[in-house]
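Participant: Sequence:
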Amino acid sequence: MSKEKQRREALLYHAKPQPGKIKIVPTKPYSTQRDLALAYSPGVAEPCLEIEKNKDDVYKYTAKGNIVAIISNGTAVLGLGDIGPEASKPVMEGKSLLFKIFADIDGIDIELDTKDVDRFIETVKTIAPTFGGINLEDIKAPEAFEIERRLKEELDIPVMHDDQHGTAIISAAALLNALEIAEKKIEDVRIVVSGAGAAAVSCTKLYKAFGAKAENIVMLDSKGVIRSDRENLSVEKAEFATDRKIDTLEEAMVDADVFIGLSIADIVSPEMLSSMAENPIVFAMANPNPEIEYDLACKTRKDIIMATGRSDHPNQVNNVLGFPFIFRGALDVRATKINEEMKMAAVRALADLTREPVPEQVNIAYDATRLTFGRNYIIPKPFDPRLITKIPPAVAKAAMDSGVAKFPIQDWDRYEEELYQRSGNDNKVVRLLHNRAKVNPKRIVFAEAELLDVMKAAQIVYEEGIATPILLGNKEIIEHLKKELEFDAEVPIIDPRSDEFSEMRSRYALKLWELRKRKGETKYSARVNMGKRNYFGAMMLKEGDADGMISGYSRAYPKVLRPVFEVLGRAKNVQNASTVNIMITDRGPLFLADTSININPNAEELAEIAQMTANVAKTFGFNPIMALLSYANFGSSNHPHAKKVREAVKILHERNPDLVVDGEIQTDFALDPEMSDKNFPFSKISGKKVNTFVFPNLESANITYKLLKGLNKADSIGPIMVGLTKAAHILQLGASVDEMVNMAAVAVIDAQEREKRRKARMQGE
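Using the working numbering, the first residue of the sequence shown is number 101, and each one after it goes up by one.
It should be emphasised that the hints constitute simulated quantities derived from the structure, not laboratory data.
Heads up, simulated BS3-like pairs for lysine-lysine below, C-alpha to C-alpha not over 25 Å straight-line:
| hint | residue 1 | residue 2 |
| --- | --- | --- |
| 1 | K305 | K323 |
| 2 | K632 | K619 |
| 3 | K556 | K575 |
| 4 | K252 | K215 |
| 5 | K611 | K642 |
Ranges between beta-carbon positions, derived for each pair:
| hint | residue 1 | residue 2 | range |
| --- | --- | --- | --- |
| 6 | K718 | S625 | 37 to 47 Å |
| 7 | D347 | Q521 | 47 to 57 Å |
| 8 | A671 | E456 | 30 to 40 Å |
| 9 | A163 | N779 | 33 to 43 Å |
Keep in mind the model is a prediction, meaning the values are calculated, not measured.
Note that beta-carbon positions come from the ideal geometry of N, C-alpha and C, so glycine has one too.
Could you build the full structure based on these sequences and the hints that come with them?
Facilitator: This is the structure we're talking about:
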């Protein structure tokens, strides 16, 4: 993607469909006059009076306890420098978004038009009663140090400058683990820190808190080594001034055990790296390009333990591992500050979490057989769902133990469950989907590439590294669309009707005739069909010329389904193919089946649909808790419609007793664990949070998923085709660009899984 195109896309993202990335929504009913009278006058006076009597009741009656102010004056924004408060607002809104999606905290961005430290501090103190915590952001050093220090002293709510402490906490956790792998002790290692800004100073202070010795630390700024004989050192730099008679990074690196980079790109040479001690630990965290490129560093030293700030290499030092969860824990005990004990607790929790067995969901997201503690895994992955249930409790407990918690937690099991519930309200599934596809992209046929939205999806898929698109259709039209979209990548364009591909078309036609000659196919009809993109695309999959296919944007589902079925057919031991839709809802992802194919399945077919749907849930890293839905509950009706669901459940219990599935059950009971536990304690899903729903017929499944999508604005991934021999997936008519991108990622993952199974079979033979 060209820089100019990337620029336009970024601007469009922030401007449309409405400006900005966040909004405020009501949390209480407001539909009636009674609701409004309670929300405002006269009812609102009652909580006001209660808070007047007891100021702490503000946490009981308002949202204060879940709101963090993200405050900047725009003097040190990303790598852009002093660009002003207005220009910093998109970054602060982005921080608000991260707070919400990772820890369910409402972040409110506030940009202050002042560089005066006293005025900044006084303004924050004046507005502090509104907030449960203060996240300082993008404020230049040395002012940032004084602002944070004074606000921590003068306010009774948590205050943290994330630019300082976020990187420090994550990198400290990584350092503790790296030292264990290298079999070194923190009090013995020689540390070189390149950079002397807020983050570098905070990192080094935290390393000292864990035992690093001052005499073993060398810090460098833009002028070189910070020596004790240099004049006019700031207080922060003076703390790390060395007595060693060295001036350059090259000299400092000789026999060093640890390099911490928070400076600029490409300042570490292979020669410098070679001069370091055995098992060197290198954290090259300059963004977007590290102090030494990851591949170059690993090529230079086979014994290196390396981390960067980038997501495309192992061991990413990413602040999102820290600040949402640290504030979550601090808010939940109403901590009066974020102290050293809380930061150190977060470090230990992150370090310890890395050493625990990794959930399959995380392995799946990163296409890893098994992530294990070692050189390429020294800190958790940002997609790890355990972060919210491990880090906040550690921070909260440290706040309680250090005496700064005003609302101690009594029931830790209940608290962990509350945290888990908070984690299900975002699009983690979509992020996991894309991330996993990028690990091993596949060739995906876009069978309707002459259409603008389809081409947009293909372009995103290519530029995001999700897949290599193969574009089917008229070459002239496709080239025109590519030019219009500035999609200048060299990707395959195939027109099944053109003379250029006549040999391929003839070969495919013969294959189709041989496949279906006893099912009414003639050589003539096979040649005609191979001029049609859906037949041609399906045959590309069958012949191994592509790995996956998506189609259906412009045609009714049955018309696309027929050529796919005729060419590819059902997988071995599958009686009926079916489809699954993943709905991204406020209660987390829900797997719904069968949404597109089987009109009125019998009991045996329902059981097969349920089993394949369970496999889809597992593929995406979720443990399926399944309900087979009906209008009846557990034998309350003997109508054939209810009896077939009951029989399907019986089949599943007999064939797969370990599968958590039950029914027949009504939807409201399946959705409410307490209701099911109270009324049907004998059920396998009693008291459990159901995430997978199998419907008794196509009518109910299709209507339900479209109602969810339309009324609740729930995102949908699907229909995901299951039971075919190849990774072909059919879109709903008029699917959005985002839906097509998601389905392309699904097709890639489907192809990845098939490849794994094929290799496993070959090894077994």
